[in-house]
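Undergrad: Each chain, letter by letter, is given below.
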Amino acid sequence: MSEARLADTGVPAGSSGAAALTLAGVCAAIGAEALWCPAPDVAAAGVVAADLMSDVLVDARPGFVLVTGLVNVQVIRTAAIADLAAVVFARGKAVPPDVLDLARQMSVPVFACPDSLFETAGRLYAAIGGGRAQPGAGRPA
Amino acid sequence: MTEAEFVRAYEIVGADFTNAGRASTSIKETLKNMGLASALIRRVAIAAYEAEMNTVMYARRATMTLHVTPADVTIDVQDEGPGIPDIQLAMQEGYSTATAAMREMGFGAGMGLPNIRRNADQFAITSEVNRGTALVMTVHVG
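Sequences listed follow chains A and B, in order. The letter at position 106 of the first sequence is residue 106 when you use the working numbering, and the numbering goes up by one with no holes. The letter at position 75 of the second sequence is residue 75 when you use the working numbering, and the numbering goes up by one with no holes.
Accuracy of the hints is not assured; some may be wrong.
[To be verified] Computed far set for chain A versus chain B, every beta-carbon distance over 10 Å:
1) A80
2) A82
3) D83
4) L117
5) Y125
[To be verified] Label pairs and their in silico Cβ distance ranges:
6) B/D121 / A/P96: 25 to 31 Å
7) B/T99 / A/P114: 27 to 33 Å
8) A/D98 / B/A9: 47 to 53 Å
Derived from the structure by calculation, the hints contain no laboratory data. No residue lacks a Cβ here, since even glycine has one placed at the ideal position from N, Cα and C.
Using the sequences provided together with the hints, build the complete structure.
TA: Encoded structure:
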């Protein structure tokens with residue numbers, strides 16, 4: 001899939017209060033462009049927003065979506081190492097071909113969003129029902 | 001090396017940001033192919049990746065060795081580099097001597113060594129200034 005906007009919000013009217021979100025839902029909630037997303041129905045377990053990959057490696061749980069303003073190959077490697085569901089590059093930054101190539105190679109879905117990290121993270125926080133991505137949540141007990 | 005032990009060594013080159021993370025990715029794939037639990041693999045992969053990034057950022061070179069037995073997965077990193085003058089200080093969360101260039105890559109938050117220790121069941125680090133640093137971390141299987 002390239003340059004397609006995913007329409008389905010993927011947000012069911014769950015009775016538990018916390019909405020389950022798919023990658024398609026993530027894409028729709030923030031008006032992102034799917035640069036590479038072969039499986040839009042994959043669930044997003046939560047969201048982590050950071051520019052320091054060291055912080056991502058501490059805070060993210062498996063299946064989280066990473067929202068970042070940093071664009072380089074280490075973002076993709078970090079996502080793959082930490083079993084993240086997808087990467088959203090915020091701030092409308094151009095995603096270089098080597099980053100996209102590595103994302104495909106490592107099976108990391110990638111989205112691009114024109115808005116700031118703050119706005120993008122805020123929309124996802126609202127879409128996901130909040131409270132799922134606490135700092136340090138990924139730290140082993 | 002017994003039949004029950006698997007050993008593979010990786011050479012890591014300092015300042016090679018293009019390939020940084022390849023060894024850890026290979027380690028993760030190797031452990032996946034062995035059929036180990038995904039939570040265990042993730043802990044080992046994160047610890048290995050942090051150690052690999054430390055080498056790329058600070059050392060001239062290093063050998064990272066993966067040892068797998070039925071009981072444990074161990075990552076052993078021996079680097080040649082400036083060493084760490086005060087290990088206790090380096091183990092504090094947020095303490096970092098990273099340069100602006102390292103931070104632009106998304107690393108150097110002062111979380112690397114603490115995060116390695118957090119993901120390991122056993123962790124040991126020794127260092128000699130102007131010689132290098134040796135780091136051994138073990139995660140128990142099961």
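Undergrad: Does each hint hold? Answer for all of them.
TA: To see whether the hints hold, each was checked on the structure:
| no. | hint | in the structure |
| --- | --- | --- |
| 1 | A80 | 7 Å, violated |
| 2 | A82 | 6 Å, violated |
| 3 | D83 | 6 Å, violated |
| 4 | L117 | 13 Å, holds |
| 5 | Y125 | 22 Å, holds |
| 6 | B/D121 / A/P96: 25 to 31 Å | 39 Å, violated |
| 7 | B/T99 / A/P114: 27 to 33 Å | 31 Å, holds |
| 8 | A/D98 / B/A9: 47 to 53 Å | 27 Å, violated |
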